[in-house]
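Visitor: Use these hints to put chain B onto chain A, whose structure you have.
As given, the protein sequences belong to chains A and B, one line each in that order.
Here the first sequence stands for residues 1 to 379, where the numbers follow the working numbering.
Here the second sequence stands for residues 1001 to 1143, where the numbers follow the working numbering.
Hints are computed from structural coordinates only; laboratory data are not their basis.
Given the structure is predicted, the values throughout are model-derived calculations rather than measurements.
Honestly, I wouldn't trust all of these hints.
Stated by the list, open to error - Within a straight-line C-alpha distance of at most 16 Å, the following computed EDC-like cross-link-like pairs (lysine to aspartate or glutamate) qualify:
#: 1; chain 1: B; residue 1: K1058; chain 2: B; residue 2: E1107
#: 2; chain 1: A; residue 1: K150; chain 2: B; residue 2: E1107
#: 3; chain 1: B; residue 1: K1010; chain 2: A; residue 2: D153
#: 4; chain 1: A; residue 1: K150; chain 2: B; residue 2: D1090
Claimed, not checked - Under 8 Å between C-beta atoms, here's a sample of chain B residues computed to sit facing chain A:
#: 5; residue: R1006
#: 6; residue: I1008
#: 7; residue: Q1016
#: 8; residue: Q1024
#: 9; residue: C1032
#: 10; residue: F1066
#: 11; residue: I1069
#: 12; residue: I1070
#: 13; residue: N1071
#: 14; residue: H1072
#: 15; residue: F1082
#: 16; residue: R1094
#: 17; residue: A1097
#: 18; residue: L1100
#: 19; residue: P1106
To be verified - Beyond 10 Å from chain A on every Cβ pair, some chain B residues (computed):
#: 20; residue: E1007
#: 21; residue: K1010
#: 22; residue: F1078
Just so you know, even glycine gets a beta-carbon here, dropped at the ideal spot from N, CA and C.
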Amino acid sequence: MGQKTVAIVGAAETTELGKIPHMSQIQLHADAALNALADAGLTIKDIDGVATAAHNPVELAHYLGITPTWADGTSVGGCSFMLHVRHAMAAIEAGLCTTVLITHGESGRSWVGRHGPSLFPSELQMQFERPFGVSRPPNMFTIPVLRYMKDHDLSVETLAMVSVIQREWAAKNPRASFKDPITVDDVLNSKMIAYPFRLLMCCLVTDGGGALILTKADRAKDFPTKPVYILGSGESVESPMISQMADFTSSRAFKVSGTKAFETSGISHADVDHLMIYDAFAHLPIYGLEDLGFVKPGEAGDFIAERNTAPGGTLPLNTNGGGLSYMHSGMYGMYALQEGVRQMRGIAPAQVEGAEISVVHGVGGMFSASGTIVLTNSE
Amino acid sequence: MAEPGREIPKPTPETQHFWDGCKQGELLLQTCKSCDHTYFPPRPFCPDCGHREVAVVKATGRARLFSYIINHLPTPGFEVPFAIAVVELDEGPRMMANILECEQTPEALVLDMPLEVTFQPVSDDISLPQFKPASQSTGSGSA
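Bound conformation, chain A alone (with noise of 0.2 Å):
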């Protein structure tokens, strides 16, 4: 088993998700920020180490009024803050630092004091792919689904499935954005986006935030909450353009990044209770599910569509709802991680019983970067 150094004392999110046209996004990382510190039982000033992505680590540390002898601002999307968690416990490790702040704000929804998308532009997509008509993630994250679906005979009724199980989680969530139940004839005959993709595979667009406290393990009993240690983790990076993928039915940076989660927490896939694969679009958890190695290629439409990650089944997956139903700011990994958080700590509003292990797996840009955490409450 892996080491357990460095254990998360604190977690929350905004105080609101959804839309919040009040709070500007810098206020949007301070509201989660705030809520993290309380959860905790600390003060700013127990606070030496900050991260955050698609924001100025600098701006976030003046903010809140904190002198950090640690920053990470590493910002390659949504996955973002798995990687923040990784490097947090490094630093941690390290004694760079001692407790880590890592936060995420967004108006995604409401563009209020964004200053921008939150992926740097690349050049080379600029001239090699903009040209072509590409513009949001639902015109480029889906462009290599279609092969997928060919060479492994995935049909668009068992992708729609993946729409319809998240929707049944979501409705055990009392701040879900969508409980509503829906079937897969409601996903096909939903507005098309671009085809094979229908509105219901594309995730929400709303505004919210949250936030993670980090410090070394021997500490983690002194917190008023259950603590939840970071048992492996794995990252890695492919490319900004999603035509220069190298495999179009799978992801290079999942699997590095899966892989080494896996051998850095020294478990089993059959030791796993609880998962979140970061779903901003329907596609995702059949990519995750296989390229972390729990489904072999091609399988894992059909392992969906057969109700193992549904309530009820034998991997709960993104059990929040997810992007699809839960919320998505646009940098959704901070809400998988919580999620996994909730898990650890017994609190979930679809708790799954005796859960002692959460993996949770992040994507960034178009399948363009990877992060996996490894959560446990297992002393």
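Guide: Using the frame of chain A, we list chain B on its own:
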């Protein structure tokens, strides 16, 4: 010329030869003189082995339809719906393109169908490498 509002590529010193080629009706790739790797997008070294000596080579222009979406989101310079595709060149590299001279429907856009390059002027200086269904005489060997 394409409709106004479209993003026009701005060549950099490392990509200028590629865009000059497109203007002349030639699709140019690069091949590493050390490991023979042929690659895209352009850069003055091999992304496989790091070697700096590379040769500019002219592609056949033959490709197959590797994957695509049909975009329904409003997009400046385009009339929706239209396909955004990735094609795989006979030489190996893949690139993004629109599929011209073809109905923009799932029925007409069949994965792995043979394609050939065509050049679409979008400004005085820039022609985009685009693809269209291959004519009989230039059918792709990979079909």
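Visitor: Work down the list of hints and note, for each, if the structure agrees.
Guide: Do the hints match the structure? See the list:
1. B:K1058 / B:E1107: violated (32 Å)
2. A:K150 / B:E1107: Answer holds: K150 of chain A to E1107 of chain B is near 14 Å, not above 16 Å.
3. B:K1010 / A:D153: violated (40 Å)
4. A:K150 / B:D1090: violated (20 Å)
5. R1006: holds (6 Å)
6. I1008: Constraint on I1008 of chain B satisfied, holds at 7 Å.
7. Q1016: violated (11 Å)
8. Q1024: With Cβ-Cβ at 18 Å, over 8 Å, it is violated.
9. C1032: Since chain A brings no Cβ nearer than about 17 Å to C1032 of chain B, farther than 8 Å, the hint is violated.
10. F1066: holds (6 Å)
11. I1069: holds (4 Å)
12. I1070: Because about 4 Å separates I1070 of chain B from the closest Cβ in chain A, which is inside the 8 Å limit, the hint holds.
13. N1071: This hint holds: N1071 of chain B lies near chain A, its Cβ roughly 5 Å from the closest one there, short of 8 Å.
14. H1072: holds (5 Å)
15. F1082: holds (6 Å)
16. R1094: With Cβ-Cβ at 6 Å, under 8 Å, it holds.
17. A1097: Given a least distance of 6 Å, the restraint on A1097 of chain B holds.
18. L1100: Violated: closest Cβ of chain A sits about 11 Å from L1100 of chain B, beyond 8 Å.
19. P1106: holds (6 Å)
20. E1007: Contrary to the label, E1007 of chain B does not stay out of reach of chain A, its closest Cβ about 4 Å off (not over 10 Å).
21. K1010: violated (7 Å)
22. F1078: With a cut-off of 10 Å, F1078 of chain B comes too close to chain A, as the shortest Cβ separation is near 5 Å.
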